[in-house]
Amino acid sequence: MLPAVTGAFVLGFSSIATGINFIVTIHRLRAPGMKWMKMPLFPWALYGTAWIQVLATPIVGITLLMVVLERTLQIGFFDPALGGDPILYQHLFWIYSHPAVYIMILPAMGVISEIIPTFARKTIFGYTAIVVSTLAIAFVGYFVWGHHMFTSGMSGVALYTFSILTFLVAIPSAIKIFNWVATLHKASIDLQTPFLWALCFLFVFMIGGLSGMVLGALSANVHLHDTAFVVAHFHYIVFGGTGFAFFGALHYWFPKMFGRMYDKSWANIGLAIFFTGFNTLYLPMFYLGITGMPRRYYDYVERFHGPNIVSSMGAMLMISGLIIVITNLVRSARHGAKAGKDPWKGKTLEWTVDSPPSLENFDEIPLVTQDPYDYD
Amino acid sequence: MIMTDHAHIDEHRDDEGAKTGMWIFIFTELLLFGGLFIVYSIYRYLNPMAFHLAAEELDIFIGTANTVILLVSSMTIAMAVTSIQLKNKRLTLILMGITVCLALAFMVNKYFEWSGKISHGIFPGSEILHQSSQGEILFFGLYYAMTGLHALHIIIGVAFIAYVMWLVKTEDVKHDDYVILENSALYWHLVDLIWIFLFPLFYLIT
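Chains as they are written, first to last, in my numbering: chain A, 1 to 376; chain B, 1001 to 1206.
Hints were generated in silico from the structure; no laboratory data involved.
All the pointers check out, no bait thrown in.
Here's a subset of chain B near chain A, in silico, CB distances under 10 Å, partners left out:
| # | residue |
| --- | --- |
| 1 | D1014 |
| 2 | G1021 |
| 3 | F1025 |
| 4 | E1029 |
| 5 | L1030 |
| 6 | G1034 |
| 7 | G1035 |
| 8 | V1039 |
| 9 | N1047 |
| 10 | S1133 |
| 11 | L1138 |
| 12 | G1141 |
| 13 | A1145 |
| 14 | L1149 |
Using N, Cα and C, we set each Cβ at its ideal position, and we do this for glycine too.
Just chain A, same shape as in the assembly (with noise of 0.2 Å):
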């Protein structure tokens, strides 16, 4: 356990450490004329993203290093064989390990910023409101741990006060949802294969955001702690979410990192299948969940039998079409169709250089004048 804790330890550190550097890097390497508030979504996500790692990572970073110090030097920091107290342990993981989540979510947030435009062929809906709730979500999603140990024992107030400040965080989150389907309002809409990503993205997110709010509800909780709804919501929106944006911009930016287009039809064959079967994986949890199935076992009563089989048979449709996903984007990385520098009609500054892009990115500094999704 000791070699774990403190590969987690270091890998904390290069955590801070890129927080540090997208921080420096967007506070002193944006292009002249690029103000804050003409800076594409994305590198906003990013930069909301690397506050979290800074403010959130060295809290696990010490408590990590009080596990060592309580596994070779007896220093009973939670174990109460020693005097310590766990809760405390809990305590502190939770208030690194859920700002964590929103690390994962919150780039994936500014992809489908910067996707929806895109194919939109419109100007984000709410360029400032997208903004202030990155911001937002990164400020609030640091005081909401509290509802992950709602059933280990805490005073009412906490309880009351961690319920409704996770309530809190659903809103940014809600809002960005809002803006992106306000963008594709009345939008001469091109359904190329990152836009059907972020339309998922969209889809699944809502679902995993939604039964958030289920568990962030403290009577809801109780029943739900620890059960199969838990591991629905998780994958709903870190591998709905995440997973789904993270495939969206590999589509979406495979031009320019390898010059060469995707398979557009096993692209979408690929997305189809994964996106049918991710569903058949997670949705029997939440029903799962809700008639008492916990989570973490390997085997269960008769009556949950049904679901689970469903679940799996899901889980290996959801594995055939990310092989298909992934065996195009290889192949095409070397076969592909030539791709031009701007493939997409994209109005931010990476279409406008070559694809793959030359040493440093610019051969000359580009001068900004206008916003970043200037499309009319």
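We have chain A already, so just place chain B on it with the hints.
Same frame as chain A, but now just chain B:
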């Protein structure tokens, strides 16, 4: 922050950025110790009497001496930054040398303090500590963990300053390019600042 110049685009140098990064890093260090301060305050709140009794075991004289040593070393490293700006390389090296010596003096004091405690049988997992109350065991656990982590920062700070001394000597750091010296000084002030909090928490509040 305002983009003042674009010189860094060609020569890959941005002093303002380097300092911004250092300040944020120092902030994360404060949060790192902040975790320990939280644990300390919770256990102090739960075991007020035991913490009171245990704190009386610590030697206020050594603690005070080390506080003075660190405060003076913070001053000498700040003076080193000023003297490099005044193009006085010799004085810079002398002041940095004094800083390193003071840090080593701090570590020598720490060595005698810890070895004294250990010879009296006060260390985590010892027989004598096992017979004390849980609060006292926690106090000394926290004492060794927090001052130990701080001592580790002293060692890192000394290595950092010694490295910058070498850069000053080879004139890679000079009057118009000294941001790494400033950053090492910032780091040293952080090490000092953390001690300023550790000293009252363990030695003075009894």
